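K.L.:
Residue strings, one per chain:
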Amino acid sequence: MATILKAEKLEKVYRVGKVDVPALRGVSLSVQEGEFVAVMGPSGCGKSTMLHLLGGLLTPTSGRIVIDGEDLTAASDAKRTDIRRRKIGFVFQRFNLFPTLTAEGNLRLAERIHGNGADDPDRRREILRMLRLEDKMHHKPLELSGGEQQRVALARAVVNRPAIVLADEPTGNLDTENSELVLKMFRELNDRFNQTIIMITHNPEAAAACQRVIQMRDGHIV
Amino acid sequence: MDSIVISNLRQRPLRSAISVIGVALGVALVMLFTGLAHGMSDDLQKRSSNVSAEIIFTRPGSMQLTSSSANLNTKYVELLRQVEGVESATPVIRYFYPSGTWGVDQVEGVEWDSFSKMNNIRIIQGHPPNGPNEVVIDETKAKRNHPVGSTLKIFGEKLYTVAGIYAPESGARAKLTLASLQDSLEAPGKCTFIYVKVKNPADQIAVAKRIDQQFPGNKIQLTREVFATIENSIPGLSIFMRVLVLLAAIVSALVVMLAMHTTITERTREIGILKAMGASRTYIIGEIEREALLISFLGLLVGFALAGIAGFGIHKATGLIFEFGWKWALTAAAIGLLGGAIGAFYPAARAANLDPVAALAYE
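Protein sequence lines correspond, in order, to chains A and B. Read in this note's numbering, the first sequence has 64 at position 64, and its numbers run on one by one without any break. With the second sequence counted from 1, adding 222 to any position gets you this note's numbering.
These are calculated hints, taken from the structure and not from any lab test. Just so we're clear, the structure is a prediction, and the values are computed from it rather than from any experiment. It cannot be assumed that every hint is accurate.
Claimed, not checked - Some chain A residues near chain B, calculated using beta-carbon distances under 7 Å:
{"id": "1", "residue": "His-52"}
{"id": "2", "residue": "Leu-58"}
{"id": "3", "residue": "Thr-81"}
{"id": "4", "residue": "Phe-90"}
Positions of the beta carbon are idealized from the N, C-alpha and C atoms, including for glycine.
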């Protein structure tokens, strides 16, 4: 299997007032194509910071990130945005769907942003079928349950075939039943499409569904 | 509905409507003011163009845009008739008077026979003004509920009977006898100006020079020049209209800027999501500009409709004439759209530069 993501000696220091607060202290990791990786650790250990760095939403203070052969850290802001558009799908704890758009509208928006003729009805249908959302396409987020919203968010994240999906506590806002359902979907995506997934979670059961678990503490991988 | 632009507008209908109305008011103001200015000046010009005389003989300063004085001795009429090349001359008093709530109107005192003969004006109903209390009016004024036999107030409470209706319209819409107006103004033997018709229109400049040489100190104007520049002669009109256009543009831009600024503050998290999805700065600015342009476009349509309805209503109520031209409609459209685009640009650029992580964490 090829390495799809490689991070070397990542450091991130936030400036809060006049105080430097280190969030990551030299994190290195490597993720293979098709891997489903869980990242666990106590609050404030740097999990979300690492995910934001890997997704190009933040720039590291030092270190290097290469995604699918492209160096994220050497890229300009515009280039990082472009890499994110082509190679990364995000899933958030709070779903972060567009409330004014239907489920289908949210997916089509992702396709439009992706561009390059990404509007692929077959792909969209296949994903929706797999995520059991066919009959929810014309519903707006507020008309959906939490589990359904998160599945729409997952569909949106993968509709453009990203190299990697970064999920930030995707079951954090869900009850047990919906959490299991969403995790099952993640696993199916991983199995059927060989989708690479890095998922932050506090839930040991969710982590158990992954092929590998990375533990973090105080800005380090332990 | 998967257009983020349209769904956003539908999601907040009240704010969208207020923004549209804000732009519409700017557009309607431009259309109404320019339409009124053009309508009134064109109407004046049209009425003036029915004057056949080539030369206007008057005293300097005796005739302004909305005022006049009867300070020219009518003895000049006979003297002018004797000038070589002059076919006829007829004296006119033009008097401006307060008209209802809506400003000023004008009345002329004429020697009907010579005036109507010179300018090919005929009575189409009733008879010419004979007595001191008789007035003739044109068809436009007659349509405003002034049939033959009805009465008009020109000087205070004094009533004038409509003796006849004349056509085509020319100069002031109401005409008294010269003697009647001289009497009312206590200006016997005086007039405001004298229309001079020349035997050969090709010689009008030569005749005008001759008159100037024979009667120095008076003002001699060629009718064609006076009437061609009516709009330009209104002091500051073009500056006024430009200032108005600028103000309308600023109003439109501010309305859209405020609307988009509020929208973006409310949608900070959504902008964070767009950024997380890989939307470029250009894409984000483009979406916001599209929304602003849609608001502006709707504002344009509403503004044009508003101007049309208001213009019709004001015309019906007051007789003021509006003439909407393509040039100003295009200017108003450009103002609305450009104002919207410029107004939205700052909020759009601000949104595009938001830190995605901070935006995603925005409550």
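K.L.:
Evaluate each hint against the coordinates.
P.N.:
For each hint, the structure was consulted:
1. His-52: Status holds, d = 5 Å.
2. Leu-58: Holds. Min distance 6 Å.
3. Thr-81: holds, 5 Å
4. Phe-90: holds, 5 Å
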